[in-house]
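K.L.:
If you want the building blocks of each chain, they are given just below.
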Amino acid sequence: AQSVTQPDIHITVSEGASLELRCNYSYGATPYLFWYVQSPGQGLQLLLKYFSGDTLVQGIKGFEAEFKRSQSSFNLRKPSVHWSDAAEYFCAVGGGGADGLTFGKGTHLIIQP
Amino acid sequence: DAGVTQSPTHLIKTRGQHVTLRCSPISGHKSVSWYQQVLGQGPQFIFQYYEKEERGRGNFPDRFSARQFPNYSSELNVNALLLGDSALYLCASSPDMGMVEKLFFGSGTQLSVL
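Chains as they are written, first to last, in our numbering: chain A, 1 to 113; chain B, 1 to 114.
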């Protein structure tokens, strides 16, 4: 069965500092991997996705993520966070087909002034 | 073009009642999926509909059902509501079945069961 682990429930970062959110997955084949962001009371916005090819993927809002097959990880990074980045971040895995996406429990990002 | 639209945005029901939530996919999208997001958790896949048939289902009881109409819109139905059904229900559409790489989410319907 596929699963996603986001080890950090909350992360606090100072504005302007760098950010890394961790994601580990379990999947039987080559996964499709995603990072989504959710603001309070809102739906999910796709930040970036990985299917194949270059293991470093670029997304919107200055985010990037690196796929490491040997570590079953897909960590999200941003070199300098802005106050508007405060939100809930979800990592997800899927393989296409009819089984949908499996999401982690999320990491709540807090930005300190 | 409009994104995925869901209605209503908020809903309050009591235990034992029935509820229907609605979703209109992005124009041209033929597949609709439903997810349940309980407070403090990530979304959980309920099922996917394509060409008016259920194509995949997560670990949800038969109280959860859905329909897809010829215009590809969808309704999620939940019978005999429980307090634990309180959640944000997200609809997502994609051009074809299983196209998770082109999956777009609506803003959700917040269901409160009292």
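It is possible that some hints are incorrect.
Unchecked claim - Listed below are the simulated BS3-like cross-link pairs for lysine-lysine, each with C-alpha atoms no more than 30 Å apart in a straight line:
1. K30/B with K68/A
2. K49/A with K13/B
3. K52/B with K30/B
To be verified - Here are a few chain A residues that sit away from chain B, every Cβ distance over 10 Å (derived from the structure):
4. V4
5. N24
6. F34
7. Y36
8. L46
9. G62
10. P79
11. W83
12. G95
13. D99
14. L101
15. K105
16. I110
By construction, these hints were calculated from the structure, which means they are not laboratory data. Glycine is no exception: its CB is placed at the ideal position from the N, C-alpha and C atoms.
K.L.:
Now look at each hint and say whether the structure bears it out.
P.N.:
Going through the hints against the structure:
For a cut-off of 30 Å, the pair hint linking K30/B to K68/A is broken: about 33 Å separates their Cα positions. At roughly 37 Å between alpha-carbon atoms, K49/A and K13/B are farther apart than 30 Å, so this suggested pair is violated. For the proposed pair K52/B and K30/B, the alpha carbon gap of about 9 Å is at most 30 Å, so the pair holds. Here V4/A does not stay apart from chain B, with its beta-carbon only about 8 Å from theirs, under the 10 Å limit.
With a cut of 10 Å on Cβ distances, N24/A stays outside the contact zone with chain B, its closest approach being about 14 Å. Not every Cβ of chain B is farther than 10 Å from the Cβ of F34/A; the closest lies at roughly 8 Å, contradicting the non-interface assignment. At roughly 8 Å from the closest C-beta of chain B, the C-beta of Y36/A falls inside 10 Å, breaking its exclusion from the interface. Distance to chain B contradicts L46/A as a non-interface residue, since its nearest Cβ pair spans about 8 Å, not more than 10 Å.
Every Cβ of chain B is farther than 10 Å from the Cβ of G62/A; the closest lies at roughly 21 Å, confirming the non-interface assignment. Residue-level check passed: P79/A sits 26 Å from the nearest beta carbon of chain B, beyond 10 Å. The non-interface label for W83/A is consistent with chain B: the shortest C-beta to C-beta separation is roughly 22 Å, beyond 10 Å. Residue-level check failed: G95/A sits 8 Å from the nearest beta carbon of chain B, not beyond 10 Å.
Its beta-carbon lying about 5 Å from the closest one in chain B, D99/A breaks the requirement of being farther than 10 Å from that chain. With a least beta-carbon separation of about 6 Å from chain B, L101/A fails to lie farther than 10 Å from that chain, contradicting its non-interface assignment. Its beta-carbon lying about 5 Å from the closest one in chain B, K105/A breaks the requirement of being farther than 10 Å from that chain. Against chain B, the non-interface label of I110/A holds: every CB pair exceeds 10 Å, the least being about 15 Å.
Violation of the numbered hints given earlier is confined to hints 1, 2, 4, 6, 7, 8, 12, 13, 14, 15; the remaining hints are satisfied by the structure.
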